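> Going down the list, the protein sequences come from chains Y and U.
Taken in order, the first sequence gives residues 1 to 270; the numbers are from my numbering.
Taken in order, the second sequence gives residues 1001 to 1103; the numbers are from my numbering.
Incorrect hints may appear among the rest.
[Unchecked claim] Straight-line alpha carbon distances no greater than 27 Å define the calculated DSSO-like cross-link-like pairs of lysine-lysine that follow:
no. : chain 1 : residue 1 : chain 2 : residue 2
1   : U       : K1021     : Y       : K174
2   : Y       : K11       : Y       : K78
3   : U       : K1046     : U       : K1065
4   : Y       : K174      : Y       : K11
5   : Y       : K99       : Y       : K174
6   : U       : K1021     : Y       : K11
[As the list claims (entries may be wrong)] Going by beta-carbon spacing under 8 Å, a handful of chain U positions derived as facing chain Y:
no. : residue
7   : I1027
8   : V1028
9   : K1046
10  : D1085
Bear in mind the hints are in silico, worked out from the structure with no lab data behind them.
All figures in this text were calculated on a predicted structure; none of them were measured in a lab.
Every residue, glycine too, gets a C-beta built ideally from N, C-alpha and C.
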Amino acid sequence: MATVIVVTSGKGGVGKTTTSASFATGLAQRGYRTVVIDFDVGLRNLDLIMGCERRVVYDFINIINGEANLNQALIRDKRVENLHILPASQTRDKEALTKEGVERVLNELRQNFEYIVCDSPAGIERGALMALYFADEALVVTNPEVSSVRDSDRILGILASRSRRAEQGEAPVKEHLVLARYAPERADRGDMLSVEDVLEILGIPLLGVIPESPTVLQSSNAGVPVVLEDGSDAGAAYGDLVDRFLGKNLPHRFITTQKKGFLKRLFGGG
Amino acid sequence: MGLFDNIFRPSPNKSSAALAKERLQIIVAHERGSRRGSPDYLPALKKELLEVVRKYVPVDQSQIKVHLDREGGYEVLELNITLPDEEPQSRRGLEIPRNTGQG
């Protein structure tokens, strides 16, 4: 039985695609047959973050419209076995993303995959609603910043009222908080909402904290999901997140500051 | 600059994060409240109001809007009926239009 997971946030630029890419890659690395779908019709970007932009031939809308079959459109990842990418269409009309069409494609994917990761576009328009409609679980990506937290709360409201599970009166979508771009030293200083603050406001279980890290940009420059970068804090945090999702009980790393020595405090610095 | 700041970092009377948290808690509670959906008598209220108005003016379903807002401790029920804009008559409110046949 396949599990459908939406990666969503409401607000743009908080790390949905970065999270989708690393989460799907992490699941595949651990041996699960995984497909990651870009729902951002018109603004395709997952292909670029995954480094397969030059191999896109057919897309999600082509399949919905019956212009290609899944095997033609799915891109097999070259680095990680078990991982496939279904890119978004760049030019087509968003109206093509129908509930029936999306359901048909998901049902076909369920035959061959254990995890179906849906990378939601920003906002609460059709693309975002379609990405979350069929979800069994949701990764809500939030930055420790007021507008992001507020938008995440709105998305939680939509998950609870407008998902298929809500409409059919089934068990609710299982929610997970992913707190991205976290800077513990700034939180300690009182300049940034802390992990505890965000948890208290949103009230959903914490799946992972991803530290603010230059390697996120570097890996996107290279088209490599950051989870594959050895020695990267953010990559390691995504690895932990995947393990936790799969049921491992791991402590959260990268949420406290390393104590500075007296001299370092005296003379400032880093 | 940095030397004294670093040693005796003043504990700010209220950090910006604390302010952010406080603001978020208020707005999120407010938005959750209004999200909880409208009371279930609203559709019936809307239907009956429409029936009353229709006794006097021909309006259809789409021209009546009922909206409920919560502000602070009280609720505001807003009722908006768009009367058909035939003649200047509409200014006279709910008076029965005499020349209905002309339409």
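> So, for every hint listed, does it hold in this structure?
Here is how each hint holds up against the structure:
| no. | hint | in the structure |
| --- | --- | --- |
| 1 | U:K1021 to Y:K174 | holds, 25 Å |
| 2 | Y:K11 to Y:K78 | violated, 31 Å |
| 3 | U:K1046 to U:K1065 | holds, 8 Å |
| 4 | Y:K174 to Y:K11 | holds, 20 Å |
| 5 | Y:K99 to Y:K174 | holds, 21 Å |
| 6 | U:K1021 to Y:K11 | holds, 18 Å |
| 7 | I1027 | holds, 6 Å |
| 8 | V1028 | holds, 5 Å |
| 9 | K1046 | violated, 21 Å |
| 10 | D1085 | violated, 32 Å |
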